[in-house]
Amino acid sequence: MTFLHRLFFLGLSLLAFSGAASAAGVPLIDPMPISVPAGADERTIVQAIKRGLAGRDWQVIGEQFGRIDADINVRNKHTARIRIDYNEREIRIRYLSSVNLDYSMHTGSPTIHRNYPRWINFLQDDIARNLRVGQIQ
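Heads up: the sequence shown runs through residues -23 to -1, 1 to 114, numbered per mature numbering (1 follows the signal peptide of the UniProt record, and there is no 0).
Bear in mind the hints are in silico, worked out from the structure with no lab data behind them.
Note that the structure is a prediction, hence the values are computed from the model and not measured.
You may find that some hints are simply not true.
[What the hints assert, rightly or not] Derived DEER-like restraints, expressed as beta-carbon distance ranges: (1) V37 to D79: 19 to 29 Å; (2) S74 to P10: 34 to 44 Å; (3) G16 to T84: 38 to 48 Å; (4) A31 to M9: 19 to 29 Å; (5) S86 to R20: 36 to 46 Å; (6) N98 to G43: 19 to 29 Å; (7) G16 to R69: 18 to 28 Å; (8) Q41 to D7: 14 to 24 Å.
C-beta atoms are modelled at their ideal positions from N, C-alpha and C, and glycine is treated no differently.
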């Protein structure tokens, strides 16, 4: 076998492996908490969270003091459920469950579809932005 043939098969193998690895998902890591600006009251915090959720098509499914649960349904195919805990210092977004997002335990650590972390990062950025805007008003 010539060097070029070996190189070609090595490239194919790497391509196949990388495709399988991405299909297996990415590590599921809850994001760092969002800092709440000093002086923000509960109403401002809840408004910032709900505006962020609505802006990204998340639906509030449960609410109590200090906690909001929400779902997102993407193309009637993929569903994720999160819990947002909040207080006067921080807002934390945590994964609760999902359907058709390839959640699994891979070598003792949870993995999920590669789009889920992006959805959460966008949501987190929107909530943080809404908090800043809420403090200005």
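Each hint, compared with the structure:
V37 and D79 have their C-beta atoms about 25 Å apart, which keeps the hinted 19 to 29 Å range intact. For S74 paired with P10, a C-beta distance near 21 Å fails the hint of 34 to 44 Å. Taking 38 to 48 Å as the suggested C-beta distance range, the pair G16 and T84 conforms, at roughly 44 Å. At about 23 Å, the beta-carbon gap between A31 and M9 stays in the expected band of 19 to 29 Å.
Separation of S86 from R20 is about 38 Å and conforms to the stated range, judged on CB atoms against 36 to 46 Å. The beta-carbon spacing between N98 and G43, approximately 23 Å, falls within the hinted interval of 19 to 29 Å. A beta carbon spacing of about 20 Å between G16 and R69 agrees with the range 18 to 28 Å that was offered as a hint. Checked against the given bound of 14 to 24 Å, the beta carbons of Q41 and D7, roughly 20 Å apart, stay inside it.
Comparing the model with each numbered hint stated earlier shows that hint 2 is the single one that does not hold.
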